Amino acid sequence: MKNLLEIKNLNACVGEKQILKDFSFEIEPGKVYAIMGPNGSGKSTLSNVIAGNPVYSVTSGKMLFKGKDLSKMTPDVRANEGIFLGFQYPIEIPGISYAQFLKQALTSKMKYLGQKPLDAVAYIKRLKVRAQALGVTDEMLKRPVNVGFSGGEKKRMETLQMAFLEPDFCILDEMDSGLDVDALKIVADGVNLMREENRSFLLITHYERLLDLIEPDVIYIMVDGHIVEKGDKSLARKLEENGYADYK
Amino acid sequence: MVKQETLATVQSLSADKYKYGFETDVQSDVAPKGLNENIIRFISNQKKEPEWLLNFRLKAYAKWKTMSEPHWAKVNYDPIDYQDLYYYAAPKKQEDSKKLEDVDPKILETYEKLGIPLNEQKVLAGVVAVDAIFDSVSVATTYKAKLAEKGIIFCSMGEAVQKYPDLVKKYLGTVVPYTDNFFAALNSAVFSDGSFVFIPKGVRCPMELSSYFRINARNAGQFERTLIVCEEDAYVSYLEGCTAPQRDENQLHAAIVEIVVLDRAEVKYSTVQNWYPGDKDGKGGIYNFVTKRGICHNDAKLSWTQVETGSAITWKYPSCILKGDNSVGEFYSVALTNNYQQADTGTKMIHLGKNTKSTIVSKGISAGFSNQTYRGLVKMAPNADGARNFSKCDSLLIGSNCGAHTVPVQENANRNAVIEHEATTSKISDEQLFYAMQRGLSENEAVSLIVNGFCKEVMQHLPMEFAIEAGRLIGISLEGSVG
Amino acid sequence: MVMQTINKIISANEKINDVLMNQSGLLDVVVYENASYDLNLLQAGQSLKVKVSLLGQNACCTLRTVYLSGTDADNKIEFEVIHAVEQTNSKQEIKGVAAGFGKADFYGVIRMPHGSQKCEGSQSHKALLLSDNACIKCTPELEIYADDVKCAHGSSIGTLDETYLFYLMSRGIDETTARQMLIKAFLLSDMPQAFETEIDKWMEANE
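Protein chains in written order, with the working numbering: chain A, 1 to 248; chain B, 1 to 483; chain C, 1 to 207.
Nothing false has been slipped in among the hints.
In silico contact screen, one side only, chain A against chain C (beta carbon under 10 Å); selected entries:
1. A51
2. G52
3. N53
4. P54
5. V55
6. P75
7. D76
8. V77
9. P90
10. I93
11. Q100
12. F101
13. L102
14. Q104
15. Y112
16. V147
List time: in silico DSSO-like cross-link candidates among lysine-lysine, alpha-carbon distance up to 30 Å:
17. C:K184 - A:K125
18. B:K150 - B:K48
19. C:K126 - B:K456
Stretch by stretch, here's where chain C covers chain B in the computed footprint (C-beta under 8 Å, at least three residues):
20. 389-398
21. 411-421
Since the hints were derived computationally from the structure, they do not count as laboratory data. All of these numbers come straight from a predicted model, not from anything done at the bench. Virtual Cβ for every residue (Gly too), placed ideally from N, Cα, C.
In isolation and in its complexed conformation, chain A is listed as follows:
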C-alpha cells in the first residue's frame, strides 16, 4: 500500500452548491502536507468530507483510506480507522467533561480495534502525560468540552485530543486562525512531537507562518474546488509574494 489516502475525481456539495469539483490528490504515509488556497476554495469542505460530516454530500468520486472505501463509513468508523479532524471552530458541549469525553473516545477505539480497554490508572496516565506536554491543567480537563475556553485553549485541546487518540492521519483545519504567536508555538510543538514514520498530516492554512513552525514535505494549492499546483516549501513563499492571482 503506497498511499495512506487517495482521492479521485471527488465532487461534493453543500445543499445545492457544488464545492469540490473533480478533486484528486494522494497522501503518503509519514509525510506532512499543507493545502493553501483563497477563501471559499473548498479547503474546509475537503476536511469535513474526509471526516464524513453529513452536512456535505458526495455526488461522485472515490476516497480510499488504507485501501478501504471511505464512502460507506460513518464518521466514528472513519475516526477509529485513524482519521482525525482538528476543527477550525471546535464546538462547545455543556455537560460532558473533557476527561469523560476522551475516555469514551478511547474506549470506542479500543473496542473497534478489538483491544481491551485501558483500566482507569492506565487511562489517566496516558492522558496526563499528553496534557502536561501541552500545558493543559487538570482543571481544564474537568471542564465541559470547550465550554468557556479561549480560542487558543480550544485549539490546544484539539491538539491534546489528537495526541491522545494517536490517529494515523491528522487534518488540522486552520489551526493557526485566532492564535497569537505563543499559542501557535505550543500547538506546533505538539504536532511536531507526533511526527512519525507512519503518521501523516494535512495542514489547512492561509498563512506561511504556520509552515515555518511545522515544515511541510508537500504543498498543494487549491482553487475553486480542486488542486491547481503541487510543490515543495518554496511554493508557500511564492504565494506570500504573489497571492493566488496566477491561478485564477
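Fit chains B and C to the given chain A structure using the hints.
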C-alpha cells in the same frame, strides 16, 4: 431616572389630542338597530347579493346564535349589547355614478384632512391605488384600469360579489370559516364591505395596494371583509390603514381578512391601525375584534407587519397556516398602548408542511394605565419535518401603572422540527436615558429615540411610505414624551 | 398516587435546598424575607403544580427541573412564581425530553403585580423530542405590572444537534453512545448529579 416629567407627559398623551377626531355630517342609509334574520336579508338585499351569499350569511348567523363571546383574552370591558347596534349604514349616493367628481365633497374633505391622496393628482404622486372605504360601502376606487391591464382585480367586496361571483364563492370562508369563532361568525353574517384582491398566475402587482378604513356613522358596527387571492407565482403587497373620528360611545369592529397564497406566490400584508383609543380616562374608543389568517401552499410566503397604536380594545392574531412544503410565514408587530387601552394580540403559526419556516418578532410598549398581552401559538404538526420557528417578544414598560404580558404557546410534535422563543420585559434603562441626555437630548427626545430604536426591527419591514406614517403615529401616541 | 398538597414555609433568613423526585399534586411554598428556596425536581410521568410566593424582600427561589416523558409516562408540570413584594428574585430552569409516545405539557408563569419593583425573574425551558411520536407543549407566561423589573424567558423545543453528534462521532464514538452522552449531558448540565442514576435508568428503558 424616568422622572415626573416623563411620567406626566406620558400620562397626558394622545387623549385629547386625537388628531383625527372629527365627524363628517353625511346622511346615512341605516338599517334599524339590532340583529335578526330580517336585518341580514335587508343587508343582502341592499347589496343585491346572490342567493348563495344570503344563505352563507344566514348559516353564519344561526351558528353565531349558538356561540358565546370568548373571554380568554386579557381584556376587560362592559358587556356588549349586540341588539343595540346598527349593522348597516351606507353613505347616500347622489347618483349611480362612480366618478370622483360625483363623490360627496364632504367625504373628500374628510379624506383630505386624513391626508389620504384620493384625488387623481395625489394618487398619481403617491403611486398608490386606493380602495377607499367610507363606512360600509366603497365610495371610489382609482387605478383600477391600470391594474386591469395585468388582470389584477382590486375592488370592493360588494362589487366583487356582483362582477366575479365565482371567484368570491370559490374562496370566501375557505381560510376563516364562519364557524371559526364568535366574531368571525358575526362578521360572516353581517359583513358590510371590504376589499377584494385577485392577482392572477405569474403576475407581480406593480404597485402597493392600499385601503383606508374609516368608521364614521354613530353606533355603526363595522364589519369589513377582505379577501386576497394570490395565484401561483404571483406577488402583491397590500396596505391597510385606518383612522376614525373621535366619539364617546364604544364602537364594535369585527373584521375578517382571508388570504390565499398559492404555490410560489408571495403576499405582504401591512397594517397601520390608529383607531380612536378612547380618552385619557378610558372613555370611548373602538373595540377591535379581528380575525386575520392566511393559508400558504407549496413554496408560498405570507408576511404580516402591523403597527397598532389605536383602539380601546384590540383582539387580533394575524396567523399563517403553512400547509404547503417549504412555505414561509412571518409576523412583525409593534403594539403601543397608553392610558386605558387594552391589547391582546399576537399570531399563530401552524406548521403542517415540510421545511416550513416562520419568524415572529413582536415589540410591545405599554404606558399609562394600559395593558398589553402578546399571545401566540407555534405548532409543529407530526408531518412538519424540518420545520423551524424563531420568535422574539420584547416588552417595554413606561411608568408603574401599566402591564405587559407574554403568553407564547409552543407545541412540537415532530422531532425534526425546532421551535425557539425568547422574551424579555424591560424598562427604558437609566443608562440609556442618561447617555442620550448627556449628548444633549431632552428627556422626551431621549425616550422617543429609545422607543424608536426598540421598534426598528419591525418598522423596517413596512413599505417606505407606510413606515413614515407609522413612525408619526407612534409619535402622536406617545406625544409629549416623544418628540 | 394520591393527589396531595404539600405546604412549605421558608422563614426569614432560612435557606432550604430540596431534592424531590416524582411528585404529584401541589407543592405550595411561601418564602419570607432574606430566605431562599431551591427546588431540584425530577419528574418521570406525573402531574404536579409548584406555586412559590415570594413574600418578603430579598426572598428568592430557584426551580430546577428535569422531566422525562415516555410511553404511558406523560408529564404535566405547572410552575407559578409570584413576586408579591419588591426586590425578590426567581429563576426557573427546566430541561426535558420526550421519547416513545410520551407527552409533556409545561406551563410556567411569573407574576409581578403592581409594586413589585426591582424584581428579577427568569425562566428557561429547553426540551428535546427523541422519537417521531413524542410531543411537547410549552407555555411560558409573563404577567408584569411593574416597570422597574427585569424579566426574561426563553424556550426551545427541538432535537439533538447534528453538529454535536458529528463532533463526538468524529472522535470515534458510535452513534448510539454519542446520542446517549449528549442527552445525558443536556439533562444534567446545571442540574444536581443526584439525578444521574434516575436518568440512566430512564435512558436504558426509553432510548
